[in-house]
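Student: Chains as they are written, first to last, in the numbering used here: chain A, 5 to 273; chain B, 134 to 202.
One or more hints might be untrue.
Claimed, not checked - With a cut-off of at most 25 Å between alpha-carbon atoms, the simulated DSS-like pairs for lysine-lysine come out as follows:
hint, chain 1, residue 1, chain 2, residue 2
1, A, Lys98, A, Lys123
2, A, Lys239, B, Lys186
3, A, Lys185, A, Lys239
4, A, Lys185, B, Lys159
5, B, Lys186, A, Lys234
6, B, Lys159, A, Lys234
Quick caveat, the hints were computed from the structure, so don't treat them as lab data.
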Amino acid sequence: MNFTNDQLARYSRHIILTEIGVKGQARINEGRVLIIGAGGLGAPVALYLAAAGVGTIGMADADEVDLSNLQRQVIHTTADLGKAKVESAAETMKAINPDVTVKTYRSFIYSGNILDIIKDYDFIIDGTDNFPAKFLINDACVIARKPFSHAGILRFNGQLMTYVPGAGPCYRCVFREPPPKDAVPTCRQAGVIGAVAGVIGSLQAMEAVKFLTGAGDLLTGSLLTYDALKNDWHKVRLPPRRADCAVCGAKPTILEPVDYEQAVCDLKH
Amino acid sequence: MHITIADRKSEIADGTTVAQLLEIEKVEMPLYVTVSVNDEFIATDARETTVLKDGDHVEFLYFMGGGCR
């Protein structure tokens, strides 16, 4: 692609990097990244990917901006209260960088829409806040052979890992099944420091940029954990893919995306 | 004998199993924690029978859900 003078100026700090250069920046500008969840993690991811010039950024979330979001969801402002999160996020991204095409999906993802939404993207960001969604994203990405970044945050801690088809275990290899509802606390119940969302979300944006440009190593086959109180970083080398994994194993039993919360409701009736 | 838990060296008694180590380390909600020993996942029902050896490298992997709404 041919850069305009404005684009050369805007992306000059990227282009000067040996690992990125003009070619890498062109890949970023042609890249398509989907962010699922416009919350604590999705906010920094969206800000950095828009600033980096990712060509198409998809944003999926059904919620509206609430006062309790603003302590960490730095893409939304007080003036955005009550607005759809995807609209508020899209406005901020366009304000940062008009080069970027933003596609908004104002709906929660579920088994019936996820494959259709992810099919147009090169890389997926899991910025969701619950386990059924995290397993759904994992399963859909494995089935559709899409790379994605998983992350979770709670209190003063965060973690992330990257899945790329054919390289390393998937999220389900590590955690098997969602824990029962309310067995593991959520941020709403246990709290989270806003800056932890910023730290981990920024790392997810970094994974997307590395994937698009081919620079460096991805967090495939490893889980990076962060403890803000202890200033402790630990990169867990994960075991290889489980041969008996229900979705990425040799004989998968999950052949299409599943909704866990739906299954629980069904059992109750 | 000595094992490594994440980045930390730890001394444990000979014959300690993975199930016992989870108790010694006071791991909260162990049912929802994934354990790996030397780059192998340990099945939940194999924790009682998996005896740790000198030099083993153990990792505890915790569910972390928030995104966060």
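Student: Does each hint hold? Answer for all of them.
Tutor: A quick look at each hint next to the structure:
no.: 1; hint: Lys98/A - Lys123/A; verdict: holds, 23 Å
no.: 2; hint: Lys239/A - Lys186/B; verdict: holds, 23 Å
no.: 3; hint: Lys185/A - Lys239/A; verdict: violated, 28 Å
no.: 4; hint: Lys185/A - Lys159/B; verdict: holds, 23 Å
no.: 5; hint: Lys186/B - Lys234/A; verdict: violated, 29 Å
no.: 6; hint: Lys159/B - Lys234/A; verdict: holds, 18 Å
Of the numbered hints given earlier, the model fails hints 3 and 5; all others are met.
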